[in-house]
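Colleague: Take a look at the letters that make up each chain.
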Amino acid sequence: DRQTLVAVLQFLRRSNLRESEEILRREARLLGDDLGGGSAAAVASSSPGVAAVAAVPPGKGTKCGVSFVFGGSTVKERSASPCLCVPCQLTVYQEDEVGGGVVVEDQPDVSAVLSAYNQQGDPTLYEEYYSGLKHFIECSLDCHRAELSQLFYPLFVHMYLELVYNQHESEAKSFFERFHGDQECYYQDDLRVLSSLTKKEHMKGNETMLDFRTSKFVLRISRDSYQLLKRHLQEKQNNQIWNIVQEHLYIDIFDGMPRSKQQIDAMVGSLAGEAKREANKAKVFFGLLKEPEFDVPLDDEDEEGENEEGKPKKKKPKKDSVGSKSKKQDPNAPPQNRIPLPELKDSDKLDKVMNMKEAARRVRLGPECLPSICFYTFLNAYQGLTAVDITDDSSMIVGGFADSTVRVWSVTPKKLRSVKTAADLSLIDKESDDVLERIMDEKTASELKILYGHSGPVYGTSFSPDRNYLLSCSEDGTVRLWSLQTFTCLVGYKGHNYPVWDTQFSPYGYYFVSGGHDRVARLWATDHYQPLRIFAGHLADVTCTRFHPNSNYIATGSADRTVRLWDVLNGNCVRIFTGHKGPIHSLAFSPNGRFLATGATDGRVLLWDIGHGLMVGELKGHTDTIYALRFSRDGEILASGSMDNTVRLWDAVKAFEDLETDDFTTATGHINLPENSQDLLLGTYMTKSTPVVHLHFTRRNLLLAAGAYSSQ
Amino acid sequence: MEPAKMASPKSAPKDAQVMAQILKDMGITEYEPRVINQMLEFAYRYVTTILEDAKIYSSHAKKSSVDADDVRLAIQCRTDQSFTSPPPRDFLLDIARQKNQTPLPLIKPYSGPRLPPDRYCLTAPNYRLKSLQKKVSSSAGRITVPRLSVGAVSSRPSTPTLGTPSAQTVSVSTKVGTPVSLTGQRFTVQIPSSQAAVKSATPTTPTVQNVLINPSLIGPKNILITTNMVSSQNTANESNPLKRKHEDDDDYDNL
Chain V
1 DRQTLVAVLQ FLRRSNLRES EEILRREARL LGDDLGGGSA AAVASSSPGV
51 AAVAAVPPGK GTKCGVSFVF GGSTVKERSA SPCLCVPCQL TVYQEDEVGG
101 GVVVEDQPDV SAVLSAYNQQ GDPTLYEEYY SGLKHFIECS LDCHRAELSQ
151 LFYPLFVHMY LELVYNQHES EAKSFFERFH GDQECYYQDD LRVLSSLTKK
201 EHMKGNETML DFRTSKFVLR ISRDSYQLLK RHLQEKQNNQ IWNIVQEHLY
251 IDIFDGMPRS KQQIDAMVGS LAGEAKREAN KAKVFFGLLK EPEFDVPLDD
301 EDEEGENEEG KPKKKKPKKD SVGSKSKKQD PNAPPQNRIP LPELKDSDKL
351 DKVMNMKEAA RRVRLGPECL PSICFYTFLN AYQGLTAVDI TDDSSMIVGG
401 FADSTVRVWS VTPKKLRSVK TAADLSLIDK ESDDVLERIM DEKTASELKI
451 LYGHSGPVYG TSFSPDRNYL LSCSEDGTVR LWSLQTFTCL VGYKGHNYPV
501 WDTQFSPYGY YFVSGGHDRV ARLWATDHYQ PLRIFAGHLA DVTCTRFHPN
551 SNYIATGSAD RTVRLWDVLN GNCVRIFTGH KGPIHSLAFS PNGRFLATGA
601 TDGRVLLWDI GHGLMVGELK GHTDTIYALR FSRDGEILAS GSMDNTVRLW
651 DAVKAFEDLE TDDFTTATGH INLPENSQDL LLGTYMTKST PVVHLHFTRR
701 NLLLAAGAYS SQ
Chain G
1001 MEPAKMASPK SAPKDAQVMA QILKDMGITE YEPRVINQML EFAYRYVTTI
1051 LEDAKIYSSH AKKSSVDADD VRLAIQCRTD QSFTSPPPRD FLLDIARQKN
1101 QTPLPLIKPY SGPRLPPDRY CLTAPNYRLK SLQKKVSSSA GRITVPRLSV
1151 GAVSSRPSTP TLGTPSAQTV SVSTKVGTPV SLTGQRFTVQ IPSSQAAVKS
1201 ATPTTPTVQN VLINPSLIGP KNILITTNMV SSQNTANESN PLKRKHEDDD
1251 DYDNL
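Protein chains in written order, with this note's numbering: chain V, 1 to 712; chain G, 1001 to 1255.
It is worth saying that the hints were derived from the structure and are not from the lab.
Small disclaimer: the values here were computed from a predicted structure and weren't measured.
Lysine-lysine pairs mimicking PhoX-like chemistry, simulated, CA-CA at most 25 Å apart: (1) V/K230 - V/K216; (2) V/K494 - G/K1099; (3) G/K1024 - V/K200; (4) G/K1024 - V/K173.
Between the sequences and the hints, there should be enough to build the whole structure, so can you do that?
Modeller: Printed below as a string of structure tokens:
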């Protein structure tokens, strides 16, 4: 009956009988809606969204069904072309817009997004199409099979969602039952979420699934395999699958050998497929900023006394490796003033001097010389410890708790002191030399200070490099700045309106980054109440945010299983790293700025070369989520702490040596990961049922770890 | 989390079993047993709210019974209220593009702690003391009291010991730390008649006692203070009963 209707409409159109065509279409629309066209006018709430109906001539291919394409023009400024699905074979008729009926849509944005699904074939044939494709792929040559198997998952999800959107519930359910077992094991979590989406209404609330719809799933297939696929789909009249492939998948074709299953497995897993090659081609300045050179009053300056008249170059080695870089600009380092950074105050300079003195006494670590590990166990936390941070000089430790308190402890014999009250301050002698000591209140000095203010669990904490400020971010959507001199809250930064999962100060202070449930990361400065940059692009929550040591880039790990590197200067995403099979919870930059280590719920640590945008290593060993990753001070050892109650040490020097960076690898992004996790593992240290939440190398390369004792 | 106690005992009601099955289907294997109760309560509350709303909508539309469209409308309205979801991706990309166009602001050197303008900070006091004149004077009086409060505390206004000052014992209040020299003394309190007149005017005996004690202590300073006290006697009337109440409490502690 529908076919006859369409045929009649076509005939009317061809014979230029517009008015009768309009009338018939208007009446037909009532039927069309029942057949699953989408938005029913039964919704009483009227909104100003207007949708125009365009009918598509089923001339192309042999589609047995009718595709109604809804174009929604939204209320907002961007009243673009009415047709939002852009497949080339669909055309819009102007008559329809002018005289077409008004179908009232609520939530125009959402309907615009979902209307990408209106194209439909015959629902009962979906299973046929899919199994046909499956059969074809399984019968293809071995070398192509692995690559073509990548198609299964995105096709499965998109077809399922089309069925659900067009309200063919039973077909959707049987489709799911039949084919969900065939998918790869690492997609099981997604499939479980999918199994709960059985009705069209369910789709509206799920932002992640909506993003999945609109973004293209990226597949990397070699040219040969792609030709094979294309030929098969076009000749076999399965235009439905071909349509989906064209509309929802982005196939990144490369010339060369098809990849093996292992290579593919290493790189896939994210919610949006892999990364397009050109996404990782932008230049990244991963070098470090030059440290300012200044006179260092070293203890052994007396020895140098006779060299004072000597050339300045002789003094450099005494300044340790910090100032001894050549005068030439490192080509990979960003210019000093690429982003504005705060100037060094005297206290910062003193800090740097201390740093260098400590660095001189640093233990050189290596496979023969492993660090000692000192574990700070939080007792009686009752699973409430949600965030930990330690200052750079390891003098204070902060814990964020699920009861919304932030507690600061001093781990040195020096107690925490706050500044005196105004009344007492007026009594002190302002001219005395030790005025900075006198302004501190001895009476209330204690080892522990508790900071109250948040109204939800505190999920992230970060000390400022000058130890004057503390940041904490919480489920209540705010990031709070606390002063560590008065132990009071100074500012609450409201921007995320949803839980904020992580925050971190920049290594130079002043800037900080936060990432949360609203799928963006924001860059703030302490003296601006609104964010300076918004990094949008992830498909799911941003769970982990870290600054690069040169403060010009920010790495974000997300629940969509990708890691993105963003440029602070202009907010662009310069790198996308896929390969994890679970949400990412820990990130660590190597001290030389060239590499990034990431840990996720799948228990693997992946190592990435930032300059080339490639995965260079995979460390297997942990059996549960990795919440803490840290490189040693000179980058020789990578320590990882996990929920499986262990700390593992890995040889970073060996992991990063002899990288293949030939042209082919950089062009195609293919990697051959050696199975050397066992060789790189230097040690596994078990705690007694305490998951490791934080790791920190002191300036002398002692490893500090923190976690809350959980009694089961 | 507590180890899995997912298999509820056979006597669990059917709803609880259904909820346990749902949790299992969604892949949640470890949870505290209270979770089932919380989920059931949430489900009940949500469903009744939706159905009540749907009833209202259907009666508004003058329908005879509630049908699926009413329920759909009710769900939609409630979703916008309570379960707000984060903004959609294209909106976020849009505002990100706008925000990222502005260059990073330059940092002013040597500007002290870098904080936003005061109205965006939490550094201002968020309370204001309600200060009355009387309070000020009584507090002034209170400051001097520690010197004298030994006597004040010891002499109970309510007790008839006023009349028999000699029988009074100085109960040393532990809270008075400073006037050490006074605590050791036990002195009889005599009420000169001249001040008795003052006393009659004001029922506040502690202050009268203060007046009394002062002359016994040597020091013109004290006398000065007392004159202040006398002059402010009348004005401090309302606060003194309050003060007395505090001292009553202290008395019970001491006794």
